[in-house]
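S.K.: Chains as they are written, first to last, in the working numbering: chain V, 95 to 397; chain X, 9 to 441; chain D, 18 to 285.
There may be inaccurate statements among the hints.
[To be verified] Quick look at which bits of chain X chain D covers, simulated, 3 or more residues with Cβ under 8 angstroms:
#1 126-140
#2 415-427
[Said to hold, decoys possible] Take a look, some chain D residues computed to stay more than 12 angstroms from chain V by CB distance:
#3 74
#4 213
#5 214
#6 215
#7 238
#8 280
[Stated by the list, open to error] Sample of chain X residues lacking proximity to chain D, with all beta carbon distances greater than 10 angstroms (derived):
#9 51
#10 156
#11 207
#12 213
I should point out that these hints are in silico values taken from the structure, not numbers from a laboratory. Ideal Cβ placement from N, Cα and C applies to all residues, glycine included.
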Amino acid sequence: MIAVLVVRHGVLPAGALEATSEAKGNVLVVGSNCLAALPELLPYATHITTCEWGNFAPSAWAHALATHIGHEQRIVLPASPDGRDFAAHLAQNLQRPLYAGALRIGTITIELVRWSGQAVETLVAAPEFVATLQVGVRSIEEVSGDAVITSLQVPESFTGNDAEVVDVLPPDAASIDLSEAPRIICGGAGIQTSSSFHTLFDIADELGASVGATRVITDRSWVEHQRQIGTTGVVVNPQLYIALGVSGAVQHTSGLGQPEHIVSINTDPHCPMMQLADLGIVSDANEVLPALLAALKQRKSNA
Amino acid sequence: MPDFDVIVVGAGPAGSCAALTIARTGKSVVLIERGPFPGSKNMYGGVVYPRILDALIPEWWNEMPVQRWVTRRSTMLLTDTQSLSIDFRSDAWGDAPYNGATAFRPDFDNWLANKAVEAGATLVCSTTVTGLITGANGEVIGVHTDRPDGDLTASVVIACDGVNSFLAKERGMYPHTDAAHFTLGVKETITLSKDIIDERFAVRGNHGVDIEILGGTSGVNGGGFIYTNLNSISVGVVLKLPKLAAQSKRPEEIIAGLKSHSAIAPLVEGGTVSEYSAHLIPEAGLKMMPKLLDDGLLIAGDAAAMCLAAGIWLEGVNFAMASGMYAAQAACEAIEKENTSAKGLSLYKKLLEDTFVLRDHRKLRRAPQLVLSDRVQHMYPALITGVVQGMFQVNNPVPKPGLRKILKNERRRLGIRTTDLAKDAITGFRSFG
Amino acid sequence: MTPVIGVCVKWIGSQPNSGHEADARFAQFSASDQAALETALQRAEQLSGRVRVVSVAPAAARTHLVALCASGAHELVHIAAEGQSSSAHVAHELAQHLQECASVWCGDYSLDRGSGSVPAFLASTLGAQQALGIVGITSSEVSNTLDLLRRLDAGRREIVRVVEPFVVSVEGSLATLRRASLASTLRPTATLVDASLVSQSAPSFGEFSPFRPRPRTIAAPVGETALDRIKSATSANSPQKHSEIVTLAPEAAAQFIVERLTEWGYLS
Ligand SMILES: Cc1cc2nc3c(=O)[nH]c(=O)nc-3n(C[C@H](O)[C@H](O)[C@H](O)COP(=O)(O)OP(=O)(O)OC[C@H]3O[C@@H](n4cnc5c(N)ncnc54)[C@H](O)[C@@H]3O)c2cc1C
Ligand SMILES: Cc1cc2nc3c(=O)[nH]c(=O)nc-3n(C[C@H](O)[C@H](O)[C@H](O)COP(=O)(O)OP(=O)(O)OC[C@H]3O[C@@H](n4cnc5c(N)ncnc54)[C@H](O)[C@@H]3O)c2cc1C
Ligand SMILES: Nc1ncnc2c1ncn2[C@@H]1O[C@H](COP(=O)(O)O)[C@@H](O)[C@H]1O
Numbered sequence: 095m096i097a098v099l100v101v102r103h104g105v106l107p108a109g110a111l112e113a114t115s116e117a118k119g120n121v122l123v124v125g126s127n128c129l130a131a132l133p134e135l136l137p138y139a140t141h142i143t144t145c146e147w148g149n150f151a152p153s154a155w156a157h158a159l160a161t162h163i164g165h166e167q168r169i170v171l172p173a174s175p176d177g178r179d180f181a182a183h184l185a186q187n188l189q190r191p192l193y194a195g196a197l198r199i200g201t202i203t204i205e206l207v208r209w210s211g212q213a214v215e216t217l218v219a220a221p222e223f224v225a226t227l228q229v230g231v232r233s234i235e236e237v238s239g240d241a242v243i244t245s246l247q248v249p250e251s252f253t254g255n256d257a258e259v260v261d262v263l264p265p266d267a268a269s270i271d272l273s274e275a276p277r278i279i280c281g282g283a284g285i286q287t288s289s290s291f292h293t294l295f296d297i298a299d300e301l302g303a304s305v306g307a308t309r310v311i312t313d314r315s316w317v318e319h320q321r322q323i324g325t326t327g328v329v330v331n332p333q334l335y336i337a338l339g340v341s342g343a344v345q346h347t348s349g350l351g352q353p354e355h356i357v358s359i360n361t362d363p364h365c366p367m368m369q370l371a372d373l374g375i376v377s378d379a380n381e382v383l384p385a386l387l388a389a390l391k392q393r394k395s396n397a
Numbered sequence: 009m010p011d012f013d014v015i016v017v018g019a020g021p022a023g024s025c026a027a028l029t030i031a032r033t034g035k036s037v038v039l040i041e042r043g044p045f046p047g048s049k050n051m052y053g054g055v056v057y058p059r060i061l062d063a064l065i066p067e068w069w070n071e072m073p074v075q076r077w078v079t080r081r082s083t084m085l086l087t088d089t090q091s092l093s094i095d096f097r098s099d100a101w102g103d104a105p106y107n108g109a110t111a112f113r114p115d116f117d118n119w120l121a122n123k124a125v126e127a128g129a130t131l132v133c134s135t136t137v138t139g140l141i142t143g144a145n146g147e148v149i150g151v152h153t154d155r156p157d158g159d160l161t162a163s164v165v166i167a168c169d170g171v172n173s174f175l176a177k178e179r180g181m182y183p184h185t186d187a188a189h190f191t192l193g194v195k196e197t198i199t200l201s202k203d204i205i206d207e208r209f210a211v212r213g214n215h216g217v218d219i220e221i222l223g224g225t226s227g228v229n230g231g232g233f234i235y236t237n238l239n240s241i242s243v244g245v246v247l248k249l250p251k252l253a254a255q256s257k258r259p260e261e262i263i264a265g266l267k268s269h270s271a272i273a274p275l276v277e278g279g280t281v282s283e284y285s286a287h288l289i290p291e292a293g294l295k296m297m298p299k300l301l302d303d304g305l306l307i308a309g310d311a312a313a314m315c316l317a318a319g320i321w322l323e324g325v326n327f328a329m330a331s332g333m334y335a336a337q338a339a340c341e342a343i344e345k346e347n348t349s350a351k352g353l354s355l356y357k358k359l360l361e362d363t364f365v366l367r368d369h370r371k372l373r374r375a376p377q378l379v380l381s382d383r384v385q386h387m388y389p390a391l392i393t394g395v396v397q398g399m400f401q402v403n404n405p406v407p408k409p410g411l412r413k414i415l416k417n418e419r420r421r422l423g424i425r426t427t428d429l430a431k432d433a434i435t436g437f438r439s440f441g
Numbered sequence: 018m019t020p021v022i023g024v025c026v027k028w029i030g031s032q033p034n035s036g037h038e039a040d041a042r043f044a045q046f047s048a049s050d051q052a053a054l055e056t057a058l059q060r061a062e063q064l065s066g067r068v069r070v071v072s073v074a075p076a077a078a079r080t081h082l083v084a085l086c087a088s089g090a091h092e093l094v095h096i097a098a099e100g101q102s103s104s105a106h107v108a109h110e111l112a113q114h115l116q117e118c119a120s121v122w123c124g125d126y127s128l129d130r131g132s133g134s135v136p137a138f139l140a141s142t143l144g145a146q147q148a149l150g151i152v153g154i155t156s157s158e159v160s161n162t163l164d165l166l167r168r169l170d171a172g173r174r175e176i177v178r179v180v181e182p183f184v185v186s187v188e189g190s191l192a193t194l195r196r197a198s199l200a201s202t203l204r205p206t207a208t209l210v211d212a213s214l215v216s217q218s219a220p221s222f223g224e225f226s227p228f229r230p231r232p233r234t235i236a237a238p239v240g241e242t243a244l245d246r247i248k249s250a251t252s253a254n255s256p257q258k259h260s261e262i263v264t265l266a267p268e269a270a271a272q273f274i275v276e277r278l279t280e281w282g283y284l285s
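So here's chain V without its partners, still in its complex pose (with noise of 0.2 angstroms):
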């Protein structure tokens, strides 16, 4: 098995590490910039090989390293929003099944991940295949021993009808403000309205925290996408995690790290985020923040 990962100016994609781990360290790197990346990846790589090749152009990359990684009988990429273009690409110039959205890779059976993570799909593989890998559905691991590192060169004859990157933005002050924060209050679908949402922000100014939210409340425009957090949003690490409202689908719990301590306020017992919490209270959200804003106040005026 080999992982490939798609590199953008040096940064890995999400979910790069562990799409490593499961191919037991085995990794392509392609991108622009691929030796600035390699830091990060050596702990768990055992065969590195790059490809220095500038923009991401998932056509032309197909047609090139397919004739390199044909021989490898499966092939993973990060779920990221590079690994899910580029893979499709890969599967139809190997002639190939694509398994998109894998929760595991076993020896004989393939789990995939549907319904916006509340359903897994088990099949049996086919014996090559391309998949993609959701992210933060799996721990990485080090490897011990240094990883031998090769250098592929594509002659440049290889083309693709791709599309031109004009720009890439960087991630920008309201995300990094996120992505940093050690703690952190998310609002989720199960809050009903715009004005109930935003009461977030003046709980997180009494918590000293950062408001997140899930990609159902970024589609209603209620915050800037850059205030969703997980797979096709922000990745955060915060110390304590407050949701409200959040069923805690893949994608989403995918880009929350390891927080020390979670509170799901939830009306939906047996949903993955009141699994994952510490403290989970069966309540409605909608009534809860008023009533924690309230009480945060009387708190402070009592000390």
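Given the coordinates of chain V, work out where chains X and D with the ligands should sit on it, guided by the hints.
M.R.: Only chains X and D with the ligands this time, still in chain V's reference frame:
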């Protein structure tokens, strides 16, 4: 030229029967429904009496989506600690032409609407009628809808838009209505396996039970019901609005109270609630019926308050289907005679008068008041169960008292005046006798 | 020549393993598919083009597809297929009817499969450029080129420039589908093309089960003696971590949270 001969608003049982009847005559008809499909938004207790369909859909029982055929009907009287059931079973109700059936409205309404479509009606879903269009002389000539370019015209509009009809109100056809004219129906669907239902309710195959309950509604005037579906049961209560508000109890608490009664708990035990819904019911019968027709406009079904609901009685679908059908016949006649004024449409009233629709309502016009009255609600169940307890209780060595004596004692104990009892008995006899 | 703009929409039937079979009559098209159709309609207006909706879908989806197209699509190609097949196969079938399209618009993820790979397979099959997971359109001139904003991971975003023919997948928040007029709902104007599969694929359906997170491997415990290692593996000596689920009224819940936060040292 109007866009259609007839516009029918609302694809409930009334609307679909109207559209089906019109389409059968070859006239053009559009059926407008606000839900994503007919029945998607509709709830009710759970039993329909579809014999009125005999004329429209011969052997309807072979195709109608049914949960179970009702072969057992019980009426239950509950006090806090007692229950009395009158139980009737008829094997004949389990065979064609049947009597009543439990059915799910999304299935039933959708089926009926599709019959209309098969007959040539045009069905438009996810579209809400927002008002009436009137012509030069104030006659109704069409409707506005919430879609872009959403106006439609027709010779006749039939409003079948359900209880509290927005269209009838807009047209000022309702007499003054107040909350006392409505009850609130709330219902839980509780999933249980078919085997358990068969065993608990003592039925087999696709036979089912309809239980009406008087009492057990936590002191709020109203009634309860339990119906068996194939793999679930419907448990609900019908509550008188002013009382409900005065006692500031939540409907779900009242259902919970009913479910915990020692006579009901064993029936619902172990089930999971898969659905909860609530809906208004026009309760006052004849008293609140709007004007049924106007120039270019007919009103049918719940929109015309043609729902026979007297606490423990819940028949509406059959009245809705019948009135929809009659409205359609009147509309067709009027269009053929090229007079769609109120006068031209007056056949509708005659058809209603001549059939069970208004006859039953007239006959039962005092029933709702009686059934929901404080005496029937709070005293008679205690009286009757008290009498029965007196008869069945064995107090050896004290000899059994005579029935008359028990009745007298119980009446005294509960403070019921003989004159009231006699009066209610007469009303009851006139209504139900 | 009038440009043809393709839109791929997927009709989602019932959800397996939700405990409760969803009612297929409530089934819908995802917000992102609707956004794709809306964006395509807007582009067609700009380019005076025609919109062709293509779907691989079971017979039960037919009325829903027709209703969807009433919002302004010119053609509907319904490729009849019951059951699921692989994303590659679906894309291959869709591509048969999208060959001459100047652009193809898809939703970013379907609700059920949720792999987001059909659009990538489409681009690869059609030899077209791709831009997936679009959240914004940054250029406004009418030409055969578009600048699009899309999400990358970890809060980064990129602007890509695509030249026709291209395949785009869009997020649901990009646009809200306009409501179909009453006239087009009553009398569908889209030309309906009935198509059938050009190739069969083995249905790729596995066993469904509820989601369970994958267990995480924990580092080997450290310690001098076996007892120490057991203690460290089970955190026997460290303060017990609270893990509790309680049902509380809102005020009580708030109080309880404040209590715990104080205990954990977040409030002093
Ligand atoms: C490829 C892909 C990428 C994705 N990327 C991300 C991502 O980066 N970040 C992200 O967050 N999501 C992402 N998602 C979406 C993700 O799969 C989930 O759909 C999303 O996280 C769910 O958000 P939610 O928990 O707010 O909503 P839901 O899953 O709808 O959950 C709402 C919760 O609120 C509870 N609730 C309801 N009412 C109340 C109430 N009154 N009080 C308390 N609780 C209540 C419910 O019980 C439920 O648990 C992605 C999806 C895909 C397919
Ligand atoms: C709790 C409860 C229990 C009941 N139990 C029973 C029972 O067991 N048996 C029985 O026979 N009856 C029962 N009934 C009564 C029965 O449900 C009604 O009498 C019957 O549904 C009336 O049919 P209808 O077609 O007049 O109206 P509805 O069934 O209410 O249909 C009205 C239709 O119009 C649509 N609509 C409304 N406004 C608009 C608009 N502006 N534009 C477009 N569409 C619109 C609605 O979506 C709906 O589809 C019960 C009622 C309740 C509330
Ligand atoms: N059967 C289908 N028919 C038409 N379009 C589809 C089909 N399946 C997927 N798509 C398109 O591809 C997008 C992503 O789906 P998926 O790759 O299944 O996550 C959807 O939003 C649709 O636009």
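S.K.: At 12 angstroms, judged by beta carbons, does residue 215(D) keep clear of chain V as stated?
M.R.: Consistent with the label, residue 215(D) stays out of reach of chain V, its closest Cβ about 17 angstroms off (over 12 angstroms).
S.K.: If you count the residues of the stretch 415-427 of chain X with a beta-carbon closer than 8 angstroms to a beta-carbon of chain D, do you get 3 or more?
M.R.: Violated - the stretch 415-427 of chain X has 0 residues with a Cβ nearer than 8 angstroms to chain D, which falls short of three.
S.K.: How does the stretch 126-140 of chain X fare against chain D when you require at least three residues with a CB closer than 8 angstroms, holds or violated?
M.R.: Per the Cβ count (5), the hint holds.
S.K.: Does residue 51(X) clear chain D by more than 10 angstroms, comparing its Cβ with all Cβ atoms of that chain?
M.R.: holds (14 angstroms)
S.K.: According to the definition I'm using, a residue is off the interface if its beta carbon is farther than 10 angstroms from all beta carbons of the partner; does residue 207(X) meet that for chain D?
M.R.: The claim stands: residue 207(X) keeps its Cβ more than 10 angstroms from every Cβ of chain D (closest is about 23 angstroms).
S.K.: Minimum C-beta separation from residue 213(X) to chain D exceeding 10 angstroms: can you confirm that?
M.R.: Holds, because the least Cβ-Cβ distance between residue 213(X) and chain D comes to about 23 angstroms, which exceeds 10 angstroms.
S.K.: Hey, is residue 280(D) genuinely clear of chain V, shortest beta carbon separation above 12 angstroms?
M.R.: Violated: least Cβ distance 10 angstroms, not greater than 12 angstroms.
S.K.: Are all C-beta atoms of chain V more than 12 angstroms from that of residue 238(D)?
M.R.: Holds: least Cβ distance 15 angstroms, greater than 12 angstroms.
S.K.: Against chain V, does residue 214(D) hold up as non-interface, every C-beta pair farther apart than 12 angstroms?
M.R.: holds (18 angstroms)
S.K.: In terms of Cβ atoms, is chain D entirely out of 10 angstroms range of residue 156(X)?
M.R.: Violated: least Cβ distance 4 angstroms, not greater than 10 angstroms.
S.K.: Non-interface claim for residue 74(D): all C-beta distances to chain V beyond 12 angstroms?
M.R.: holds (18 angstroms)
S.K.: According to the definition I'm using, a residue is off the interface if its beta carbon is farther than 12 angstroms from all beta carbons of the partner; does residue 213(D) meet that for chain V?
M.R.: holds (23 angstroms)
Going through the hint list in order, the structure does not satisfy hints 2, 8, 10.
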